[in-house]
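Number of protein chains: 2
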Amino acid sequence: MNLKQLAAQLGLSPTTVSRALNGYPEVNAETRDRVLRAARETGYRPNRTAQRLATGKAGSIGLLMPVGAEVMSDLHFGEFLRGLGETAQKEDFHLVVMPADPADEVSALRSLATSGYVDGLCLAYIRENDSRIDLMESFGLPFIVHGRFFDPPHPYPLLDVDNEASFFEATRLLLQLGHSRIGLINGDEEFGFAIRRRDGVVKALAERGLTLEPRFHASEQMTEEGGQRATERFLAAPERPTALICASMVQALGIVRAIEQAGLTLGRDISLISYDDVLPLLRPELFTVPLTTTRSSLRMAGRRIAERLIHAIKGSTQDTLEELWRPELVVRASTGQAPGKN
Amino acid sequence: MNLKQLAAQLGLSPTTVSRALNGYPEVNAETRDRVLRAARETGYRPNRTAQRLATGKAGSIGLLMPVGAEVMSDLHFGEFLRGLGETAQKEDFHLVVMPADPADEVSALRSLATSGYVDGLCLAYIRENDSRIDLMESFGLPFIVHGRFFDPPHPYPLLDVDNEASFFEATRLLLQLGHSRIGLINGDEEFGFAIRRRDGVVKALAERGLTLEPRFHASEQMTEEGGQRATERFLAAPERPTALICASMVQALGIVRAIEQAGLTLGRDISLISYDDVLPLLRPELFTVPLTTTRSSLRMAGRRIAERLIHAIKGSTQDTLEELWRPELVVRASTGQAPGKN
Chain A
1 MNLKQLAAQL GLSPTTVSRA LNGYPEVNAE TRDRVLRAAR ETGYRPNRTA
51 QRLATGKAGS IGLLMPVGAE VMSDLHFGEF LRGLGETAQK EDFHLVVMPA
101 DPADEVSALR SLATSGYVDG LCLAYIREND SRIDLMESFG LPFIVHGRFF
151 DPPHPYPLLD VDNEASFFEA TRLLLQLGHS RIGLINGDEE FGFAIRRRDG
201 VVKALAERGL TLEPRFHASE QMTEEGGQRA TERFLAAPER PTALICASMV
251 QALGIVRAIE QAGLTLGRDI SLISYDDVLP LLRPELFTVP LTTTRSSLRM
301 AGRRIAERLI HAIKGSTQDT LEELWRPELV VRASTGQAPG KN
Chain B
1 MNLKQLAAQL GLSPTTVSRA LNGYPEVNAE TRDRVLRAAR ETGYRPNRTA
51 QRLATGKAGS IGLLMPVGAE VMSDLHFGEF LRGLGETAQK EDFHLVVMPA
101 DPADEVSALR SLATSGYVDG LCLAYIREND SRIDLMESFG LPFIVHGRFF
151 DPPHPYPLLD VDNEASFFEA TRLLLQLGHS RIGLINGDEE FGFAIRRRDG
201 VVKALAERGL TLEPRFHASE QMTEEGGQRA TERFLAAPER PTALICASMV
251 QALGIVRAIE QAGLTLGRDI SLISYDDVLP LLRPELFTVP LTTTRSSLRM
301 AGRRIAERLI HAIKGSTQDT LEELWRPELV VRASTGQAPG KN
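Residue numbers (UniProt numbering), protein chains in the order written: chain A, 1 to 342; chain B, 1 to 342.
Next up, chain A with everything else stripped away, as it sits in the complex (with noise of 0.2 Å):
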């Protein structure tokens, strides 16, 4: 029961029933009775803090959000932020955001953990040789991964989308359409998720015997002007691709720039799949030619990883250690045959 669902049962708005579950004055005494009468019986709970008092839990998820002049994609935090935001809400949870530094993330971990404010962690942006699974577990304290480490020594709560599956899929559809110069526009090859996309691209051209050029090879930040600088390179180069991969709708907006700038046609002259994390406010269907995506929910996996987390914080076992999902190929129009092969 939340105030919406309690305020419409009473036929009520839920600005009275918050004002008078909160004791103001603009609020008659007959309405608060029936309010704070029907909140006891449906059992809303509007004091979060007596309720923490009697569970000694802070009602807490944290997480680290790097900051400093390298760092990934605002968009993609505040999605995935939005996420957890939808399921804390509905399960009374607030969120505990430490800002680190990236070079520094083990010790502000190590002060979230040990702040007593959070009763469980969420771990992303995970690296190449990144060892903090044992951290994790030294804390005592529930925790699920956004993401997948290279070579654990044992399982472990995560989440993680197939990267690698994706990208193997998007490239094998490029070279079913005839396309053999394939630039990869990967996101910062630094984490995890880049890296797998990339192991994806790689793997698909290996069946043909194809490998991935260095010179339509780019791995940055996501970026509409990386987007941008990227394809332009690319384009200037003797031999062009035909065909880009790209690891987000925000790179995808410069790449769009870059092709229709150097006189080209999306779909026809070239084409493009980007990778689409489904960001309320990108959305590839709207392009001019609507984009051609492998697609996974960034705001749905936030939400589900708070459901995973605060279930354990509540103490139910984990049934379920390793999810991973596999993205979606959504086709629309910016993938075509490759020029001269129609």
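Treat the hints as calculated values from the structure; they're not laboratory data. Please note: incorrect hints may appear among the correct ones.
[Claimed, not checked] Cross-link-like lysine to any residue pairs, in silico, SDA-like; alpha carbons within 25 Å at most:
#, chain 1, residue 1, chain 2, residue 2
1, A, Lys4, B, Ile126
2, A, Lys90, B, Pro66
3, B, Lys314, A, Lys90
4, A, Lys90, B, Thr114
Starting from the structure of chain A, add chain B where the hints point.
Positioned in the frame of chain A, the structure of chain B alone reads:
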């Protein structure tokens, strides 16, 4: 003194210093002793928890994150949070983010304020008939408002941009260029910032005896799709506007797309001025026709707000209560003479 500075002084990597401070076995004893001695001498405090216990402060800033179907764009929230985080990280503070149903913000604020987990509060998303200033003052915690109440009973700590002046100035530029049919694609006028921006447009038009026509006025969430749909509607009207003003670079994406799809040339057939929060991934100068904007950095606002709030938490008097930033008008190619006027 932060970890990076300490590491630089010692000629070691931040990772090594962090491992030494946290007692990791892979650091040899000699290095560890050197690091610990330097940390003591320079006053570097690796142990946040001990410090908290000594001061009785949580070392945290609390804020609400609106969740639910009708929320402000995540991108703007993420960018503001990043600014708060940048200052918090320097000051060794963390952020407590309480997800809140917009209909239930009062009780979310109460929970946050009385939780014992926060030392100060940042309030944003101020509405027209918003009377939460009394509530904020009732908590006995330092607070700062991002935005401004309408008709407040007395002064209180705030930081806002002069939204009215920024859209007044933008409208005046368009009038000077000979435009008289000017459309406004605003943010949601439930919120103060959008109300003030509309007032700026109306005021500038009134100086020339013009009014803001309802059919060329949209008030909605700041999404790409919203911008595109509103523009399509405006352009379908018999006497379409020759110039548009919009509230966000996110809307501008959709607006530019609708203009292109209508076969019009931006800056020649139709002019556009966008508000620019300096979102790093949507840069107006990278658009095919670079956009004229009225610019104020949301991240800088976040930084400054955290700075003022943390000073207040540390017991400093707030010399400056009201801080009003004036956005800059940056003229680029998307604004030109009204058609038929050159």
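Item to complete: Provide an ascending list of the numbers of those earlier hints which the structure does not satisfy.
Response: Hint 3 alone not satisfied by this model.
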